[in-house]
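Asks: Chain by chain, the residues run as shown.
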Amino acid sequence: MLFEVSHRTTYRYSTPAFESVAELRMAPLTNAHQRVDDFRLTIEPSAPIRTYRDFFGNRVDYFSLPFRHEQLEVVARATVETRCAPNLEVLREVTVDEARQIQRSQLNDYFPYLQRSAYVPTALVAEFGVPQFFVPGGSLTDAAWQACQWIYDNFTYAPGTTEVNTPLREVFEKKVGVCQDYAHLLLAICRFHRIPCRYVSGYIEAFDPTVAADEPWRGAAATHAWVEVALPGGVWWGLDPTNRQIVGERHIKTAVGRDYADVAPMRGTFNGAPQHQLDVAVEVQRLTPQPAQG
Amino acid sequence: MDFTRYSVENYFDEMFVGSAEPRSHYRRLFEALQQLSEEEYQAKQRAVDHAFLRQGITFTVYHDQEGTERIFPFDLIPRIIPGREWNHLEEGLIQRVTALNLFLKDLYHEQKILKDGVIPHHVVDSAEHFRPEMQGVKVPHDIYVHICGTDLIRGADGDYYVLEDNARCPSGVSYMLENRQAIKRAFPRLFPRAGVAPVANYGDELLRVLRHIAPNGNPDPTVVILTPGPYNSAYFEHCFLARQMGIEIVEGRDLIVQDDRVYMRTTQGLQRVHVIYRRLNDDFIDPCVFRRDSVLGVPGLMRAYQAGHVALANAVGTGACDDKVMYYYVPRMIKYYLDQDPILHNVETYLAGEEDDRRFILENLDKLVVKSANEAGGYGMLMGPKASKEEIAEFRDKIVADPRNFIAQPMISLSRVPTWSREHGVAGRHVDLRPFVLFGDKPRIVPGGLTRVALRPGSMVVNSSQGGGSKDTWVLREDEGPIDDGAATQQQSQSL
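Line by line, the protein sequences give chains A and B.
Residue numbering for the first sequence follows the numbering used here, starting at 1 and increasing by one per position.
Residue numbering for the second sequence follows the numbering used here, starting at 1 and increasing by one per position.
Keep in mind that the hints were calculated from the coordinates and are not lab data.
Heads up, some of the hints might be wrong.
As the list claims (entries may be wrong) - Here are the simulated DSS-like pairs of lysine-lysine, each with C-alpha atoms no more than 30 Å apart in a straight line:
{"#": "1", "chain 1": "B", "residue 1": "K115", "chain 2": "B", "residue 2": "K105"}
{"#": "2", "chain 1": "B", "residue 1": "K386", "chain 2": "B", "residue 2": "K367"}
{"#": "3", "chain 1": "B", "residue 1": "K112", "chain 2": "B", "residue 2": "K138"}
{"#": "4", "chain 1": "B", "residue 1": "K398", "chain 2": "B", "residue 2": "K386"}
{"#": "5", "chain 1": "A", "residue 1": "K175", "chain 2": "B", "residue 2": "K398"}
{"#": "6", "chain 1": "A", "residue 1": "K174", "chain 2": "B", "residue 2": "K398"}
It should be emphasised that the depicted structure is a prediction, and the values quoted were computed from it without experimental measurement.
Please model the entire structure based on the sequences and the hints provided.
Replies: Below, the structure written as structure tokens:
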């Protein structure tokens, strides 16, 4: 499926800001399931943009604005083609303990994705009595899916109730959250049971235009977040607990990491008065593929 | 001073063998001190205390409701290390820091030591201070730890052991230098004849290391010291070292990054900075990469560093080698990289992360010292033999909840040095030793270090934040043997 994504971030400062420095993780990834045809990044006021690839393989664009500016606008536009999720029928047979055993032999690759962190305090999983999905002889994919279901059923999606730094404990207590919290919940549950998994940041298409009266997917107004669980054979299987979906063609991936801290779409500092207004607008538009010429 | 009631008890005493016989390297000082009346000694101590207070030689205590800035108590009776003993320590420390540097280079590049199974992979990856951001980053001359403060202790057998390596931002060197000034003033006639190796060149040596790591071999780099600011416990030291080296002291807000290059704001405009001696932990150094709430750091600094346009001392990510779990593996690193046996030994250590060790620890909590892997300054520690039942129970829960974060060691009876106090006169107090290893074109150690002393009777916690003080550390020049000529000693001690 072909998408045009536009991601606009605007800071309006109450008094002019200076020395803004920021790192952006907004460029969609190119991999087996998606291909980036075009990516354009503009910054207003304009500044030179540099690029590097981080530890997790994400493309990072960064810039600094030393001079005074009253507003900062970052617009990322991408044309991305996605493919549907791979058929995992064979991997459904893999049991939890088999998977653990295989992954233990490749600890180098999986270790970062097994760790707890400030965003993913695994100990809460026991404290709040999350059901035991990952039984040794059971199917790994079934267990992960049940965990995804459980989160969807037991938590209420409520934009505005939490912010980026809300501790997961509060999410567990109040049983409300947004996609970032849902993703961290699933990460905590999987990692508590020693199943490697990673945080994914990206975009989703809210409505499927081919289905009439489709119920919109959550998380389309801004950047979205979901989880990838490591399956044997180097497969990362995407699960979206916020929408109770297996990640497919309508998900566009921009960055992966251990938790939100590794993948924040925009991260940085500025000097100036703390009052500012931040607006984020994300649009994901499905395009009709042009028939290939010739 | 009266030593007649002094008792070494069951400890290794640095000054005495038995209760009356001073060790040969202490004899000159002992006889001089004996000539001194209690009043004269107190007058010297008072003069030194006042001098410290006037000069603002202070440190800051965290988690304290009262006034947080304190002077660092200084005791006049020095700790003396004979030249031969020092040579052994020097050799051992250089071996150790060389291995740590080789380890860090390997860790952030090929990870051979992990692939060869010498150190388990999970130990590294779960280390809180391991920085994936440093993977594949080339640092000047492959030196990561430029300044290492290694804590040594001496057990009842008189052998030295390494207690821990401080390879991030070790502090205390300013006290080593100030203590020396104080002792020279207190004993103006004895000191020059005591054959003590000088430490005053530390600043020069440090600056030489910092200039050595300048990017692209720049022969005339601008070097600065980066401090978190006046609220940091070691702020005094940051200012002190800036003065000693004649370099600028800056806070994060004084620096700015443009085009991956670091500049310092000066009254004449921006000035390029090539080397930063940073006294700021990794976590705070760049809010774009590490803690986003840090206002102490410099946004963009990590990119400039990764691009090789600025050098940092110590390198980012050195915390992966000095946590208390990694400590356990340092002897293996020495064997692996240098094919040598460790010259200085570790204290026997149990890892709560390993099942057998954990069982042993939990069964023997009342006999062991338990430490949290990533805490410094004596915080987060259980002294089993001295702890209450509640404290032990509390630690048991902590260990079970998070085993990777704890290690345990047998209680070591630290050696003692006579120490004076108003209440107890001269009595034995436990000490440790922190020498400072500098690693530039080659490793160097200024002969001396910071001797910390636990001032509370019986206490073995020497940390300044927990009621510790310090002493001057004398390393005797090797060719200066003890003077056995009684007459000469007599004469000198009269003119103390």
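Asks: Confirm or reject each hint.
Replies: Now for the hints, and whether the structure bears them out:
Taken as a hint, the K115 (chain B) and K105 (chain B) pair is honoured in the structure, with Cα atoms around 14 Å apart against an allowance of 30 Å. Under the criterion of a C-alpha separation no larger than 30 Å, the hint pairing K386 (chain B) with K367 (chain B) is consistent with the structure, at around 9 Å. Distance hint between K112 (chain B) and K138 (chain B) is fulfilled; the C-alpha atoms sit about 17 Å from each other, no more than 30 Å. Distance hint between K398 (chain B) and K386 (chain B) is fulfilled; the C-alpha atoms sit about 18 Å from each other, no more than 30 Å.
Taking the CA atoms of K175 (chain A) and K398 (chain B), the gap is about 27 Å. The hint holds against a cut of 30 Å. For the hint pairing K174 (chain A) with K398 (chain B), the CA-to-CA distance comes to about 26 Å; that is within 30 Å, so the pair holds.
In this structure, every one of the numbered hints holds.
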